[in-house]
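Those protein sequences? They're chains U and A, same order as listed.
Going by my numbering, the first residue of the first sequence is number 6, and it counts up by one from there.
Going by my numbering, the first residue of the second sequence is number 592, and it counts up by one from there.
Since the hints were derived computationally from the structure, they do not count as laboratory data.
Given the structure is predicted, the values throughout are model-derived calculations rather than measurements.
Glycine residues also receive a C-beta, built at the ideal position from the N, C-alpha and C atoms.
Warning: the hint list may mix true and false statements.
[Unchecked claim] Ranges of calculated distance between the beta carbons of each label pair, as one might list FRET restraints:
{"#": "1", "chain 1": "A", "residue 1": "ILE744", "chain 2": "U", "residue 2": "VAL53", "range": "22 to 32 Å"}
{"#": "2", "chain 1": "A", "residue 1": "THR698", "chain 2": "U", "residue 2": "LYS30", "range": "36 to 46 Å"}
{"#": "3", "chain 1": "A", "residue 1": "LYS687", "chain 2": "U", "residue 2": "GLU12", "range": "53 to 63 Å"}
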Amino acid sequence: MYVIERESNLRHQVKVKPLDDEDYKEITKSRFYFNWKTERAHDVYKLVLGDEILGVMSCRHHEDERIEIVLLAVSKDNRGRNKKYDRITGNLIGFACKEAMKYYGINGCVSLVPKTSLRQHYMDFYGMEDAGRQIFLEGGSLLNILREYEL
Amino acid sequence: MKKTKLNDKYTDKELAESFVFRSKLTPAQKAESNEELSAKRKQLRQSVTPKEVLLSRLLQLKYQMEDYLENPNYDNTRSFSFFLKGYVEMLNKKNKEFADDIDINQTELSQILNNHRSPSEKVIIRLEIHSNKIIPAIIWHRLIEKEKEYQIINNSELRAREKSHVRNMVLI
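Build the full structure now, drawing on both the sequences and the hints.
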């Protein structure tokens with residue numbers, strides 16, 4: 006699993022780990038936009054390059070063999086045209102796919118409820134399937150994400 | 592107000608590359624959308640190919656192996672043979688058939704599966720090749736290492752036995 010540094014085009018190995026209690030001090034609203042303390046009831050993960058947190062994601066397991074991405078944000082330095090690293094969000098979504106595959110096998114699914122204006126972008130970037138208000142990855146589309154993010 | 596700030600700063604494409612926002616659906620809308628999703632998933636499952644099913648099973652096993660290896664605790668039920676049994680069963684193969692696949696004697700396979708023999712390097716390399724590199728040899732190797740590490744740390748009988756072979760112990 007890697008991110009690409011845009012300036013040098015170098016690949017850097019990254020890891021996704023469960024968020025520790027002390028990380029909440031670091032993932033402030035100014036850097037990660039949301040108040041992440043409200044997510045403590047869910048499974049919250051961080052994508053790290055060394056000790057630096059580049060992205061955070063909150064997930065929820067559902068009984069229908071599905072993981073819902075409830076909230077996701079990359080750090081302030083990694084948004085927009087001046088971002089430092091590429092592939093942060095893809096790696097986090099890829100990690101959710103990996104968890105879905107690990108727990109539920111071929112029936113595993115990753116879903117999210119997109120903002121209307123963003124849904125087509127998620128579908129284009131990550132090959133997500135249309136299910137009305139929600140979009141999702143399962144079967145072939147989920148496997149494609151696992152291939153792309155080298156999981 | 593915050594949303595407007597984000598919308599002013601970033602394009603929709605950039606926002607999709609950076610965020611998943613919290614759903615604003617009401618519980619009723621959410622329930623309805625879950626039904627829609629369920630119907631779509633059912634439909635999609637009909638087009639899943641046997642190759643995709645096989646790849647998923649392999650990946651599921653690999654991720655479970657990795658998960659166990661990342662866990663610092665030792666679990667004697669999650670041995671090399673446990674995962675190898677899972678691999679053979681997943682492929683719906685009989686032991687003899689699988690032993691032929693990786694060109695080892697059926698007795699050797701049986702001994703490995705029953706924890707009576709440690710697999711050789713050649714076996715774990717063949718397992719990697721057999722899985723089309725989906726499960727690398729290093730993962731199988733680490734399972735053996737984890738077992739060995741636990742035994743070395745906890746084998747008090749061996750320690751007691753070997754003590755008689757040691758003289759001039761360093762005195763600190």
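The hints, checked one at a time:
no. : hint                             : result
1   : A:ILE744 <-> U:VAL53: 22 to 32 Å : holds, 29 Å
2   : A:THR698 <-> U:LYS30: 36 to 46 Å : violated, 59 Å
3   : A:LYS687 <-> U:GLU12: 53 to 63 Å : holds, 57 Å
Comparing the model with each numbered hint stated earlier shows that hint 2 is the single one that does not hold.
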